[in-house]
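Number of protein chains: 4
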Amino acid sequence: MLLTSDARGVFPIAPTPFLDDGSIDTASIDRLTDFYLGCGATGITVLGQLGEAPKLEHAEAVAVAAQMIRRAPKLPVVVGVSAPGFAAMRALTRAVMDEGAAGVMIAPPNTLRTDDQIVGYYRQAVEAIGADVPFVLQDYPLTFSVQITPAVIRRIASELPSCAMLKHEDWPGLEKISALRAFERDGSMRHLAILCGNGGLFLDYEMERGADGANTGYCFPDMLCDVVRLSTEGRREEAHDLFDAHLPLLRYEQQPGVGLAVRKHVMMRRGLLTSAAQRKPAAALTPTARAEVEHLLKRLARHDRRAAL
Amino acid sequence: MLLTSDARGVFPIAPTPFLDDGSIDTASIDRLTDFYLGCGATGITVLGQLGEAPKLEHAEAVAVAAQMIRRAPKLPVVVGVSAPGFAAMRALTRAVMDEGAAGVMIAPPNTLRTDDQIVGYYRQAVEAIGADVPFVLQDYPLTFSVQITPAVIRRIASELPSCAMLKHEDWPGLEKISALRAFERDGSMRHLAILCGNGGLFLDYEMERGADGANTGYCFPDMLCDVVRLSTEGRREEAHDLFDAHLPLLRYEQQPGVGLAVRKHVMMRRGLLTSAAQRKPAAALTPTARAEVEHLLKRLARHDRRAAL
Amino acid sequence: MLLTSDARGVFPIAPTPFLDDGSIDTASIDRLTDFYLGCGATGITVLGQLGEAPKLEHAEAVAVAAQMIRRAPKLPVVVGVSAPGFAAMRALTRAVMDEGAAGVMIAPPNTLRTDDQIVGYYRQAVEAIGADVPFVLQDYPLTFSVQITPAVIRRIASELPSCAMLKHEDWPGLEKISALRAFERDGSMRHLAILCGNGGLFLDYEMERGADGANTGYCFPDMLCDVVRLSTEGRREEAHDLFDAHLPLLRYEQQPGVGLAVRKHVMMRRGLLTSAAQRKPAAALTPTARAEVEHLLKRLARHDRRAAL
Amino acid sequence: MLLTSDARGVFPIAPTPFLDDGSIDTASIDRLTDFYLGCGATGITVLGQLGEAPKLEHAEAVAVAAQMIRRAPKLPVVVGVSAPGFAAMRALTRAVMDEGAAGVMIAPPNTLRTDDQIVGYYRQAVEAIGADVPFVLQDYPLTFSVQITPAVIRRIASELPSCAMLKHEDWPGLEKISALRAFERDGSMRHLAILCGNGGLFLDYEMERGADGANTGYCFPDMLCDVVRLSTEGRREEAHDLFDAHLPLLRYEQQPGVGLAVRKHVMMRRGLLTSAAQRKPAAALTPTARAEVEHLLKRLARHDRRAAL
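Chains as they are written, first to last, in this note's numbering: chain Z, -8 to 300; chain B, -8 to 300; chain P, -8 to 300; chain Y, -8 to 300.
These aren't lab readings, by the way, just hints derived from the structure by calculation. No experiment lies behind these values; they were computed from the predicted model shown. Do not take every clue at face value.
Intra- or inter-copy, both count: the list cannot distinguish identical chains.
[Said to hold, decoys possible] Here are the simulated SDA-like pairs of lysine to any residue, each with C-alpha atoms no more than 25 Å apart in a straight line: (1) 271 - 281; (2) 271 - 169; (3) 271 - 136; (4) 271 - 151; (5) 271 - 49; (6) 65 - 182; (7) 289 - 239; (8) 271 - 115; (9) 65 - 121; (10) 289 - 232; (11) 271 - 170; (12) 271 - 142; (13) 65 - 153.
Only chain Z is shown next, with the shape it has when bound in the complex (with noise of 0.2 Å):
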């Protein structure tokens, strides 16, 4: 199953589980991919920018992504391939799309300026890995550097037919959407899926701004979901009321560096991840932090019971 323009909902970005000594916790992989299954995930993105990639060897990096691939048959896996050279990223992408991948990721390199310089790389990146590879076009500013207009993603949309999707998580975003869907309904631009990273951070508005869903990895999957099910449904209240409720601990979470140890520690405690650690070099939790994000969730549990742990 390939990765289209058409997809939706949200495809949670999996972190990478690792055991207490650095080594792979394949069990964790197989649960986290039922939990995403059972809360209504319609994709899942491995090895992305805080999947702990560049932690992983070749070899571990297929693995991970092929046993999930394997235990969710019926959901797209798309896998972060973003590496400094083209040879790399190519080796990773053939290696995955043999195993069932759906797609690809890409994030452009931090060197990159002009819009020229922007769309050449996506060029070089596709003749790299195959036009038949549809990809997922990351558009991450904050931290990447690099600043991609919409009339640029609409230049890649029309001179590369395999991208499929955009992960939007330039911030602020919310006119991007509306650019973009607005380059759609005036016929200038195909259809590309969009979904909303940057921690989730302005998913309620993202939504109602024409999202097709969230492509992000916060703690609580399920949130995730659920809000963006409301927000199809009209069910507008009821979607920012849930998305408040969780806001706190979002923002708390989405800090740079400090955030993935937030995430793994809460998917711990929520029985998801056998351990939270991650390889080295990491960011680690002091207590003060640990603490902090027990409040987080003894607050959010008022709300949401499956923040009662």
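Assemble the complex: chain Z is given as a structure, and chains B, P and Y must be docked to it using the hints.
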């Protein structure tokens, strides 16, 4: 009255009010100042990053600061004097100190990289403005791309006695506050006032980590004052309840670029500003964004009557 | 006399002369101006990147420009007015145009990224300074981190008739000159004067690619004038011979940071400046560096008698 | 044979030879290695910044390094292993050390800012590759945007005994060499081999400041060997004469982006490479640029017969 390292409470970052024709709106300056006084602010910062300082001629900048100083004679008024060169920084500093400013705020130019460059820059700045002028060190890596470690802040505090306050807006920054307060406890660093910016996004826990207050421009400075007061009084859950109620709007306002338009729009709706006008260049609110702000206000009003406009 | 797109020849970037006590050295301003006139310069640029503009108060900056303008009434004098905000840019532009400047030079702020941001910035700058003021587009990615493609330069030239000249200092930039001249030949772009900066490091081949001259501050502006003249007259090998003889020193002078100290030192040794003093902050020449410069001059003197000091 | 801090002389940065069809040109690898041996190189660095490493699959990279190691059993071969993650760095390091490499070269990722981040990165890298693997610290701010002060280099040398060499390519960097050698003289820092890169643009004076040699890929490595030898023997003016003769071409080759095309073109013209082909993405020489290179060679041949091709 000069700024000292004992400062605490809330120093709102004042926007510069304009009329629709772009002229400075002196009536709103008075109204705004009175409002800050009325809601318990303990100081005011003008001509900060979101005070549109680069759009003011030198004489205008001095006039805006002077008017606030005269209107609030009992409050310390800090003036942003960041500039690409020390000549302009010195000229503005002298002018506003002559008008009675309590001190100045200096952000690092975004070309600084090494620890020594950062310390050297502040050393030169102090030489330029005079060692008798208290200054606020603005630490905002997200905007300035300059990363200042706790050890570098300690060096600056040690070398430069006129450094009175840290405008803390690192992100994530909770551990930085803890590190600085630990330095203070172990006797390796003198006390600096730490007031938090970054839109207030982590004010709730920043207070608990040892911050002395807030130094940001959120459109409800009265909420900032209340949260700082509740937190200081140990009324922890009340502080969080109030903060969390505002978080959806606060997050919305903290978007780079468009954030100031949100802030000025709400302040106009609250009757604090005659107009939400900015001088060019400025990001404007689209009708959709304006509707989103109204939606946020309406939802907020269920928890805080001040948002019922 | 206003700058036009027919400009050609050499516009030296004038340093700002200071006495040892940091005051402006007006005698050297006259001497320097006379020297430029004498060696065949066709214009002068003051208060550029290496003119220490940020260290001058507004009134000083205007005075320096005005003195040069009065001293060289037949030469167009271009004034650097780059500033973090349009208010300061407009104020300085008005003041120097009133004094008889031929135009202004504007560098892009280092936060610009996308093509549209760059075009938009110059559009706003022109709105601020007035469409009747000729301006030089400074294209120096190494220093400003802003990359402007030939197509973007064409857009600016097309949208903004007051853009008269490109200060070309991209690196590598030979193909950019060729691309712009090709646009001109195919009729898609009007003629812009292209004068080359980047310390003159590629002036030899830049002339052959279609540049109109040099716009840089090398300590032997007389050599720049000679090379441009020889190249224009088709005396190719003579141009290269002279250029190559200077290349070791020219390269040494082009070091970021310390380069200006080299330049002022040699100009002092040549009797053009009373002192090599810079205002703070400044990188000084160590004794070893000074000895290296003397060594370079001595070696150069074997080929160019003007270096026998 | 392992790299030690006593290394000196010239370690050419080897390009990776490709045939026109993009396959690795093993015949040229041997020819190139023999040439390096013949002209007096004291080591070789492969898969560096200009070795097109990101375009090689893992197995190809290992094979290229292994072939050079076998062909030059008496020369230490250093292998570039810079990677976005420590897993890939470790995998490549282990593979090439097993093949007999003398050590590895590690560049800092361009996200590092503070002194502590830089030291911490190298600490983690050593942990990843093993403390028994000698490494070269690559200090190239122009390309990597990471600024490493002499004091930070001293910290790294002190903390990490496996740091054997500094590939010095700061710009300007003459004072950095002097500062490091002063540390050594005052006993605060152990000896590190300092070999200079940055295209060799300042090799003449770098040798006089105390550098131990060159570590760059200029298309005339024989000139680098001669200059280093002449300088070491105290034949100062001869060293400068030879260097200056090459400077016009050396400067031309050092253009970012297109420089590698120049280098490979000249090496092909010299019979060292079968083809000047690069794998994609690559900047190609235009016909005009190629003619400029031929012109430079012809002019150079008047001074150095090796350029008469």
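The hints, checked one at a time:
no., hint, in the structure
1, 271 - 281, "within (19 Å within a copy, 44 Å between copies)"
2, 271 - 169, "between (40 Å within a copy, 23 Å between copies)"
3, 271 - 136, "both (24 Å within a copy, 23 Å between copies)"
4, 271 - 151, "between (37 Å within a copy, 18 Å between copies)"
5, 271 - 49, "both (17 Å within a copy, 22 Å between copies)"
6, 65 - 182, "within (23 Å within a copy, 59 Å between copies)"
7, 289 - 239, "both (12 Å within a copy, 19 Å between copies)"
8, 271 - 115, "between (32 Å within a copy, 8 Å between copies)"
9, 65 - 121, "within (24 Å within a copy, 43 Å between copies)"
10, 289 - 232, "both (17 Å within a copy, 13 Å between copies)"
11, 271 - 170, "between (40 Å within a copy, 22 Å between copies)"
12, 271 - 142, "between (39 Å within a copy, 23 Å between copies)"
13, 65 - 153, "within (21 Å within a copy, 50 Å between copies)"
In summary, the structure agrees with every hint in the numbered list given earlier.
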